[in-house]
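Asks: Listed below are the residues making up each chain.
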Amino acid sequence: MLRVEDLHVYYGGIHALKGAHLKVDKGQIVTLIGANGAGKSTTLRTIVGLVKLRSGSIEFNGEDLSRLQTHEIIKRGIAISPEGRKVFANLTILENLELGAYARDYGTFNTQREWVYSLFPRLKERERQLAGTLSGGEQQMLALGRALMSRPQLILLDEPSLGLAPLVVEEVFRIIQTINEEGATILLVEQNAMAALQIAHFAYVLETGRITLEGTGRMLLEDERVRSAYLGE
Amino acid sequence: MTPTIFLQQLINGISLGSLYGLVAIGYTMVYGILRLINFAHGDLLMFAAYTAIYCVTLFALPWYVSFPAAILMTGLMGILLDRAAYKPLRDAPRISLLISAIGASFLLENVALVVLGGVPKAFPRPPLFDQVISLWGLRIQVLTIYTPVITLSLLMGLLFIIYRTKAGKAMRAASKDFETTRLMGINLDRIIAVTFLLGSSLAAAGGIMWAMKYPQVNPFMGVFPGLKAFIAAVLGGIGNIVGAVIGGFLLGLGEILIVALLPQLAQYRDAFAFVILILVLLFRPTGIMGEPLTDKA
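Top line first, the protein sequences correspond to chains A and B.
FYI, in our numbering the residues of the first sequence are 1 to 233.
FYI, in our numbering the residues of the second sequence are 1001 to 1297.
Bound-form chain A, shown alone (with noise of 0.2 Å):
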C-alpha cells in the first residue's frame, strides 16, 4: 500500500534523512521508532508532503506522492494524528471531527461519527465543547478520532503516547488495535518502543537517518540491540 525507498531529506544543511525506507501493507500496524531527533516524524511529514524530499520515492497504492501538495496526498486516502495532537483549540470538538472529513464528501459524515463516538464516547458527551477544554489525553483520542472521520485508507499516528499518563497511554494502544481490527492500515511512529512493538506486525529502527533493523514485532522485541536501546535493559 505504501512504499518508501531511499528517502533523502535535507533541513537546510542538516542531512535528516539518508536513505530511509519502508513498506506498509494493507491491514498491518507497522511501527517506526527510534530516538528522539533520528527522523521518525521527519519521515512522516516527508510522507504527507509537509517536508519536500531530495531524492527517492513515496508511492502510495502504486502512485507517486512526492510532487503531490499536503491536501492532495491526504485525498488519495491518507490521514494524521499529528505529533503533539494539534486539535483545533478554538473549534468544538464536533467541528474539529467535521474538519476531520473535510476532504471527503459528508454523506458518510454521520455513519463515520458515530464510529468515532463509539470509540470515543468521552467526544460524544463534550461534542459542543471547545477543544482547547479537553485534558491530554481526550485531545489525543479526538486528534485520534478526527483521522478517523475521513475513512482513511492509511493512518499516520505520530507519538499518539507523548506526554500521556501510562493508564491513558495504555488505552490509546488498545483503540489503536481495535481500529486495526476493524480494517484501518496504520504507521505508528512512536518512542514507546514497548508498547508499539507489542501491537506491530512489522517494525523498523531508525537511527540518524537511516533504517538500522527491520523485523517483526516479535522479532525486534526479542533483539538484543533493541532492547538494551530502547527498552532499557
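Some clues are possibly wrong.
Stated by the list, open to error - Quick list of in silico lysine-lysine cross-link-like pairs, DSBU-like style, CA-CA up to 30 Å:
(1) A:K52 x A:K124
(2) B:K1176 x B:K1166
(3) A:K124 x B:K1213
(4) A:K86 x A:K26
(5) A:K86 x A:K52
(6) B:K1087 x A:K52
(7) B:K1166 x A:K86
(8) B:K1166 x A:K124
(9) B:K1087 x A:K75
(10) A:K75 x B:K1121
(11) A:K18 x A:K52
(12) A:K23 x A:K52
(13) B:K1176 x A:K52
(14) A:K75 x B:K1166
(15) A:K23 x A:K75
(16) B:K1166 x A:K52
(17) A:K52 x A:K26
(18) A:K86 x B:K1087
(19) B:K1121 x A:K86
Think of the hints as simulated: they come from the structure by calculation, not from any bench.
Using the hints, position chain B against chain A.
Replies: Using the frame of chain A, we list chain B on its own:
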C-alpha cells in the same frame, strides 16, 4: 444641545461607525489568518467606488447592477492582491509582508492617479438613497439609516458563513494553525483566497456607501477611511470580527459626539481616532474583544 440635535448626531455617529466597522472586518479577517495588516485594504474602497462610477457612466448600467458588479470586481481584486503581493511571501518574515502591503497600497493609489487622473469625480448617487425622512423633528437622509442596517445584515451573513459553512470552519482552523489545516486535506491557498474575497467585498460595500455619503471620488479617498477602519479593528480586538464592528461603531460615535459636545475641538476630529489607537495599544493591546493571538509559524 437640544435632545433633537443630540439624537441627530447619535444617528450620524452610528451611521459613520457602521461604515468603519464594515471596512474593519476585512482588516481583521486577513489579520486573523495571515497575521498581516493589509494596508492596501483601504484602497479597495477607492477601487470599488471608481468601478461603480464607470459601470454607471461608461456602461450605462443601473445602480442595482453596477453596485453588485463593483463589489464582485473588488472581491476579485482582493484575491489578485493576495496572489501578487502576499502569496509569494507566504514563508517570508512578516516584516517583508508588511512592506509588500504598503507597496501594494502606493501602487494602487498611484496607478489610479495616472490612469484616472487626480480630479475628483462625482459619484452618481441613486435617488433612492437621496430621500430625506422627517421623524420626531429630525431630518435624516435615508442613506444614513440604510448604512447601519446594511452593515449589520452583511455581518450576520458573514458570521453565518464563518460558523456554519465548511469553508468558514476551515477559515477558523487556518487562523489557528496552517499546517494542521493542510493535514485535514484543506487547500489552504483556496481558503486564504476566500478570506480575501469576503473581506474585500465588504470593503467594496463600505466604499460605495462612503462614496454616496461623500460623493467626491479621488485616488486617495481610501486612505483615511482605511486608517480609521484599521484603528476600529484594533480597538475591537484585531482578529475578532464582531469586535471590529463594535470598534467601528465606538469610533464613529466617538468622533461625531466629541465634535458635537465640544465644537471647539472640531478641527481635531481626525486626531481623536489616533489618540484612541495610542491609548488602546498602551493599555489594552488586545482590544475590547480580542484575545492574545499567538504568533504562527
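Asks: Now tell me if each hint is right for this structure.
Replies: Hints and how they fare:
1. A:K52 x A:K124: violated, 37 Å
2. B:K1176 x B:K1166: Measuring from Cα to Cα gives roughly 16 Å; hence the hint holds.
3. A:K124 x B:K1213: violated, 52 Å
4. A:K86 x A:K26: holds, 27 Å
5. A:K86 x A:K52: Holds, because 21 Å separates the two Cα atoms, which is no more than 30 Å.
6. B:K1087 x A:K52: holds, 19 Å
7. B:K1166 x A:K86: Given pair K1166 of chain B, K86 of chain A holds - Cα atoms ~19 Å apart, limit 30 Å.
8. B:K1166 x A:K124: holds, 20 Å
9. B:K1087 x A:K75: holds, 23 Å
10. A:K75 x B:K1121: violated, 51 Å
11. A:K18 x A:K52: holds, 14 Å
12. A:K23 x A:K52: Between K23 of chain A and K52 of chain A the Cα gap is close to 19 Å, so the pair holds against 30 Å.
13. B:K1176 x A:K52: holds, 23 Å
14. A:K75 x B:K1166: Between K75 of chain A and K1166 of chain B the Cα gap is close to 16 Å, so the pair holds against 30 Å.
15. A:K23 x A:K75: Cα-Cα ~20 Å, so holds.
16. B:K1166 x A:K52: holds, 28 Å
17. A:K52 x A:K26: Between K52 of chain A and K26 of chain A the Cα gap is close to 25 Å, so the pair holds against 30 Å.
18. A:K86 x B:K1087: With a Cα-Cα distance of about 25 Å, the restraint between K86 of chain A and K1087 of chain B holds, given a limit of 30 Å.
19. B:K1121 x A:K86: Violated: K1121 of chain B and K86 of chain A sit about 52 Å apart, past 30 Å.
The earlier numbered hints that this structure contradicts are 1, 3, 10 and 19.
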